[in-house]
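A.B. asks: Please put together the full structure from these sequences, using the hints given.
The lines below spell out each chain.
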Amino acid sequence: MPPMPDQAGLYRQMYRIRRFEQTVLDAFPKGVFYGTTHTYIGQEANATGVLAHLGADDIVFSNHRCHGHFIAYGGDLRALFAELMGKATGVCGGLGGSQHLHWRNFYSNGVLGSTAPVAVGSALAEKAKDSQALAVIFLGDGALGEGVVYESLNIAALWGAPVLFVVENNHIAQTTPIELALAGDIPARFAAFGIPCSRLDSSDALEIHAAAEAEFAALRATPGPRALVLDTQRFGPHSKGDDTRDEALMARIRQQRDPLRLLAPRLADTQRETIEAEVEAEVAAAFAQAEADPFPEAAA
Amino acid sequence: MPPMPDQAGLYRQMYRIRRFEQTVLDAFPKGVFYGTTHTYIGQEANATGVLAHLGADDIVFSNHRCHGHFIAYGGDLRALFAELMGKATGVCGGLGGSQHLHWRNFYSNGVLGSTAPVAVGSALAEKAKDSQALAVIFLGDGALGEGVVYESLNIAALWGAPVLFVVENNHIAQTTPIELALAGDIPARFAAFGIPCSRLDSSDALEIHAAAEAEFAALRATPGPRALVLDTQRFGPHSKGDDTRDEALMARIRQQRDPLRLLAPRLADTQRETIEAEVEAEVAAAFAQAEADPFPEAAA
Amino acid sequence: MSTVLAALNRGLHAAFEQDQRVYLIGEDLLDPYGGAFKVSQGLSTKYPDRVWTSPVSEAALAGVAAGMALRGLRPVVEIMFGDFSTLIADQLINSIAKFGAMYGGDVAVPLVVRTPMGGRRGYGPTHSQTLEKLYLGVPGLRVLAAHALSDPGELLRRAILEDDGPVFFVENKLLYLRPLAAELQDFEIEQHTPPGAYAATHTLRLKGAPSAALTLTAYGYMAELAREAQLRLAFEHEIFCELVVPGQLAPLLPGGELDGALAASLEKSRRLLAVEEGSYTLGWGAEVLARAAQAFPGGLKAASRLAAPDAPIPASRPLEEAALPGVEHILAAVQKMV
Amino acid sequence: MSTVLAALNRGLHAAFEQDQRVYLIGEDLLDPYGGAFKVSQGLSTKYPDRVWTSPVSEAALAGVAAGMALRGLRPVVEIMFGDFSTLIADQLINSIAKFGAMYGGDVAVPLVVRTPMGGRRGYGPTHSQTLEKLYLGVPGLRVLAAHALSDPGELLRRAILEDDGPVFFVENKLLYLRPLAAELQDFEIEQHTPPGAYAATHTLRLKGAPSAALTLTAYGYMAELAREAQLRLAFEHEIFCELVVPGQLAPLLPGGELDGALAASLEKSRRLLAVEEGSYTLGWGAEVLARAAQAFPGGLKAASRLAAPDAPIPASRPLEEAALPGVEHILAAVQKMV
Ligand SMILES: Cc1ncc(C[n+]2csc(CCOP(=O)(O)OP(=O)(O)O)c2C)c(N)n1
Ligand SMILES: Cc1ncc(C[n+]2csc(CCOP(=O)(O)OP(=O)(O)O)c2C)c(N)n1
Ligand SMILES: [Mg+2]
Ligand SMILES: [Mg+2]
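Residue numbers (the numbering used here), protein chains in the order written: chain A, 1 to 300; chain B, 1001 to 1300; chain C, 2001 to 2338; chain D, 3001 to 3338.
Since the hints were derived computationally from the structure, they do not count as laboratory data.
There's no promise every hint is true.
What the hints assert, rightly or not - Rough simulated footprint, nothing fancy, chain A against chain D, three-plus residues with beta-carbon under 8 Å:
#1 3056 to 3064
#2 3071 to 3077
#3 3088 to 3094
#4 3098 to 3107
Claimed, not checked - Selected chain D positions facing chain B (in silico; Cβ < 8 Å):
#5 ASP3028
#6 PRO3032
#7 TYR3033
#8 THR3053
#9 ARG3121
#10 TYR3123
#11 PRO3125
#12 ARG3317
#13 PRO3318
#14 LEU3319
Virtual Cβ for every residue (Gly too), placed ideally from N, Cα, C.
C.D. replies: Set out below in structure tokens:
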């Protein structure tokens, strides 16, 4: 029997993501940040539940909506704030900005789907080096529109790449509902390339943790790609203030599908409150530090 | 009950393709032709059986292996010979060459898979114009490696394009056997995008004719894409003299899967011989005419 | 006062109204959103059957439009960010731009790919590029660049309705909110339409200025900055320039000939500075300078280019500002040349 | 005598032998075929675990190689025809060439994309192009062009083993069967390696010739034709030229500076003809001429380019021959210039 997941740890991680993202959305109109942002609010359980199983050498490929992935990977809050502010202390020294992060074995890129073959290649490299490391790639439902994703599935299956495709299906791409963008069925798309795919409709970090555990175990036991489709909900706007969805529906969704709300009852109140207070302080400190950090200097 | 197919007509058409292609392969080393060529020998029943159902306004998209498609579409032998020779009287005045043909509603291109969205767009245009015309696109098993094909399947399904995808699965792409190039399953790839797909493993023109008849009927009755996978065999080299397959195996395949050999017993000997003699004369005349045709003049 | 954005939107509406064969395909086109930069707003409400919002599939979008155009429609494709035009490179180069000539000339592919380009918004390396230089040398493709000197909506309308070949239509993001043809009262403007083009080249002179010591040339949003520089050079430094702004970036005149308006200006000034937001090497300015060198074998007194460095565009504001050519950069470059 | 093809094949074998991190991915790589142009022959037999023959998926191949390179391998990608490099444009431009700088500089992407370019074989509009001009202005990407003057296999080996950034390696199809460094006895050859490069620029002078009246510059197979023209110009027309042949097409020197070898030659000849097989507009020659114009503000006596017209390459032999610059075209162009 696998050990019980660390519920308090999962809660803390999700709360860190939530508070980070809320801080970003709140501060953006004040001109503290620059550029664009895509927040992870509502989807925190995905990154948290999945990346809890990551080994030290495993690789993560992420997309435009990468803050949550980065934080769950273990990325530093101050460095992430700083990157969004364009500061010299940012994850990539301010060069990448919100969508282009790299730290250790974590890579994100803003061109949808373009990361799929890169993730497959990285997994194949680790296999060739016999390192036992594997790759996880997060894709949105929208990214499934890109052809290179299917080329990558085919190659991953043919060449036995140790890669886990995680589809975060929040049923929307920017403003386009999935019904207008995706014909057929997501798991069938993986199956058609001979890639085993499981699916979970949940915002419960424990359920996602368990589903991901099974995927990682299978992936470590048997080489070759696998897929996990996580049906989820995006609570906030696509980027900033660009949500065209029905407000009443969104209110209901936020009520029913909040990963924090779902996990909270499992923690003792005092424990939860301690975590929340600690995280508030951590996020506030990270934000303040990043704000005080210097901008990079342009080479002459 | 649909009327019986015109067996003699099918035989004649296939024989025309066969003799055309043999003439090309025989004459190429003599320097009569210039550039490249990909012959259709062994696959004649596909184009012939499928395109027999084409309406006058229907559209055909073809690939590098396009001579058979072009001839079955009704294209002129002399113009095709001339195009391969680079003559002014060629299908495209010598500009396109073997892989780039256009005549009436027939289009081919040499970039694998690139025709898929174009075919879908043409079908959508006809639907928008309410013309009742539909599009047929031929793809090889190898072209299924290209991502844009899957983008096109998705869009075709979402937007209800009246298009028939015909996959000619000859189990090889250039020199690469399908086992090294295609994971999973071809019909499943269409099904994953909600596209009905049927499959037939045959080189019998009558069987293919019947299968295509059902597809065309369904396509005309209900809008939306469909797919037909035809398992087949390429008898000749990929292009010229570049066949790396086992010769004994190929001999057996040529014995068992020859569309002409399969249809011949259905015709009276005299009828068959008459057809063959007529086609021999037709092909020889077309070749001679094309040879006598002038080259285009370069603009100064 | 109208903006470039409003003008483009009007141009699309006019095209839809005037010709039933006009269709729009792209991502997130439906109202109220109306496309990421709002250029397509109102169309899906007014013409629900002719606006097809799509999956995130740029290559197929371009190919689908090609098929529609081959069959007699006049599709417009919106690519959300010009950075993603790389995904349609094959369709553009090996299908769309080729069909006309490679099929022997009896096929037309009347379609317009519209896309925003450019930085200065901190969007980072994959959402800030000025990539049209990749397409300027593609045989069979017309490349137009919206600017604020005359109505870009009318240019777009003509590209959609009157051009029987494919058009790549570039819209700089910062141009969208610029007022149309504003503050031009200080300028004398000459318009010249190159042979085979329908987009005019504009030549701007300050009214009453002495003869120009230098010819600036720029397109799109860069022309706005160049115009500002032109004013400041005159008033702050008493350096008088002419500014030549092409609307059509490709094709250029056959045989390597220099555009007439530019040639006329250089004839007098003998100094050339080409300014662009794209990266330096093989940018638009390279072709401009090459043609100028061919046209003036005796040589110009000075010829130079200002462009972004050959590096990804940083997200950080100070880094991005330093990288992309601005008014100050132009002032400095011109001062060094005269 | 060795050919360019044999040299490239040797270079690949040497790279595989010298470094376990070298992998090859591409279409139809397995022996006995060994790739459509046979450059990869023998590798799959000798290194079966490191040669991965692939589906027809160019974009994914490039991306897979990027991932391999990020994780410490040194992959080589074979794209069967350079015409299909359009399919990897996004991976090249928005991933491969960007990762290094956009991630803040601590990431390396050591990979080589090898691909044949060029026409003169009647393959038609989608299999005959010379498209490297699309990639010469891509920040972060090195573009090398094999030529027959020195060992292109050694250049390839160094690109694979010693370069920590991405390389786009161009091989003209007609070059494959050219003998290596043949018939150079009539020439005095100077080699000059530009700063930051490892591919030398070669300057060719006819032994004992008087000072050059014109500088020819060309790369790849075009350099072979230019050399032939150089000889014929001397012997048939008594026109003496220097020929400057770069091995590295991009990046060029920062700040728009002209390559030293070219500058030195022009300093004397004051006439420049850039010759390339790609299509005219924004071809390689545009950047060469632009830099020359900047470097010689006083002007050259003549500056010109010879390139294919801005049109698809016809399949028909006489049309293709007329379209692609050949020796006769060079002779005519030079005679007009001196
Ligand atoms: C190739 C490409 N096309 C378009 C975009 C613009 N874009 C950014 S995010 C997005 C929607 C993505 O939807 P999805 O993949 O479902 O992720 P989500 O935003 O829902 O997390 C789009 C269209 C892009 N970044 N890349
Ligand atoms: C995009 C692209 N990549 C590679 C090629 C080179 N090529 C030409 S035909 C071919 C194999 C095609 O196989 P398949 O689609 O099965 O068709 P078949 O030749 O078997 O009829 C390849 C790889 C090409 N034409 N286009
Ligand atoms: Mg989504
Ligand atoms: Mg095949």
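A.B. asks: Can you take a look at whether the stretch 3056 to 3064 of chain D is actually covered by chain A? Rule is 3+ residues, C-beta closer than 8 Å.
C.D. replies: holds (count 7)
A.B. asks: Going by Cβ atoms only, is PRO3318(D) closer than 8 Å to chain B?
C.D. replies: Hint holds; PRO3318(D) Cβ to chain B Cβ min 5 Å, cut 8 Å.
A.B. asks: Three residues or more, CB to CB closer than 8 Å: is that satisfied between the stretch 3088 to 3094 of chain D and chain A?
C.D. replies: holds (count 3)
A.B. asks: Hint check: is the beta carbon of LEU3319(D) less than 8 Å from a beta carbon of chain B?
C.D. replies: holds, 5 Å
A.B. asks: With a cut-off of 8 Å on the beta carbons, see whether TYR3033(D) makes it to chain B.
C.D. replies: holds, 5 Å
A.B. asks: Take the shortest C-beta to C-beta distance between THR3053(D) and chain B; is it under 8 Å?
C.D. replies: holds, 6 Å
A.B. asks: Tell me if the interface restraint on ARG3317(D) is satisfied: Cβ within less than 8 Å of some Cβ in chain B.
C.D. replies: holds, 5 Å
A.B. asks: Counting residues of the stretch 3098 to 3107 of chain D with a beta carbon closer than 8 Å to any beta carbon of chain A, are there 3 or more?
C.D. replies: Coverage by chain A holds here, the residue count being 8 at a Cβ distance below 8 Å.
A.B. asks: Given ARG3121(D) as an interface hint, is the shortest Cβ-Cβ distance to chain B below 8 Å?
C.D. replies: holds, 7 Å
A.B. asks: Take the shortest C-beta to C-beta distance between TYR3123(D) and chain B; is it under 8 Å?
C.D. replies: holds, 5 Å
A.B. asks: Hint PRO3032(D) vs chain B: min CB-CB distance below 8 Å?
C.D. replies: At about 6 Å, which falls below the 8 Å cut-off, the nearest Cβ of chain B leaves the hint on PRO3032(D) intact, so it holds.
A.B. asks: Regarding the hint that ASP3028(D) lies at the interface with chain B, is the smallest CB-CB distance below 8 Å?
C.D. replies: holds, 5 Å
In this structure, every one of the numbered hints holds.
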